[in-house]
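Going line by line, the protein sequences match chains A and B. Residues 1 to 112 in our numbering are what the first sequence spells out, letter by letter. Residues 1001 to 1206 in our numbering are what the second sequence spells out, letter by letter.
Be a bit skeptical, because a hint or two may be false.
Stated by the list, open to error - Simulated pairs of lysine-lysine, DSSO-like, Cα-Cα distance not exceeding 27 Å:
1. B:1112 to A:61
2. A:77 to B:1067
3. B:1064 to A:61
Source of the hints: derived by calculation from the structure; they are not laboratory data.
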Amino acid sequence: MIRIRDNVKGGALTETTFLVLLAFYRPNHGYEVMQWIEEETGGRVSLGAGTAYGAINTLVKRGWITPTGNEDGRHRKEYMITALGRRVAEQELSRLNKLAALAGRVMRGGSK
Amino acid sequence: MTKTKIRYFFDFLAGQERWLNRMAEQGYRLARCGPFTYHFEPCNPGEYEYAVELVGDRPYYEAKDYKSFLESAGYRVFTKNINLNLSFGKIRWRPWARGSGQLTTSPGSFNKELLIVERKRQDQPFALHTDPQDVLETYVALRRAYRWATGVMAALLVLTFIAEPASGVLQTALLRLALLLFALLWGLPAAKTSTIIRRLREEIHG
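The shape of chain A in the complex, shown without the other chains (with noise of 0.2 Å):
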């Protein structure tokens, strides 16, 4: 198994997890996955085929996304982000929105 390393005791999230997660606010298969993050990050991220079996399995087994039940006609599995799941990401997004309070009040504000 690919291990996606995340400090979530910490309370932080690679971004490559964190996207991965985001993408299955609705349900989607592996492949669009990777596609919807090249799109949405203007092709900053491209996360490779591996990476992203990887991130899926790591994801499944820690609860934070559940396969749907459904298969399309190629066989991709679907997925959708579980009540555990949404709660990670929204203390990700709470983390990043301090982080980037504090870093805005430090850079322009000169806060000590």
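Please build the complex by placing chain B on the supplied structure of chain A, with the hints as guidance.
Using the frame of chain A, we list chain B on its own:
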């Protein structure tokens, strides 16, 4: 015109990948492969590109699931052997693999330690793994396989000096030379992989 090549790659990942991509640049697309053979069919030069991935360290169900995932993403995928195993009847032991991936049975994951992944050439480099930690994990697994092969060859070489050889002096010398050569041929990729791992760890941890 179709082409058949007979090859074995000690540098079974990067070396094999480079060669497949050279063939593709010359206008040959992989049609099928055997333990030591590669069969190509003609295509436009540079139309396709290849990546090679080690899956022999994973349990069979995971390797199979990953292959299906790659195929569902539109890639063409071939399985390939690397023959770094110890065989006992129909069960092979891969000491370098993880967990239940260490035991492989026929047909199962026999001779399916590698995936050769094909796609139509694109502008972006063909990288199956893009997250730095993920890339690091794949190289750690790869190094484990190369190191095991090097270690076995080195151990057998030492054994020829300890155990009384049954064959003549010339045969023993040739055997020792062959074992030394194999140890080096697997040792070099192992060393290269260690350098890559060191660099990746520095990038990740700063």
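Results of checking the hints against the structure:
1. B:1112 to A:61: holds, 25 Å
2. A:77 to B:1067: Given that 27 Å is the threshold and the Cα spacing comes to 13 Å, the pair holds.
3. B:1064 to A:61: holds, 18 Å
Going down the numbered hints, you'll see the structure goes against none, and every one checks out.
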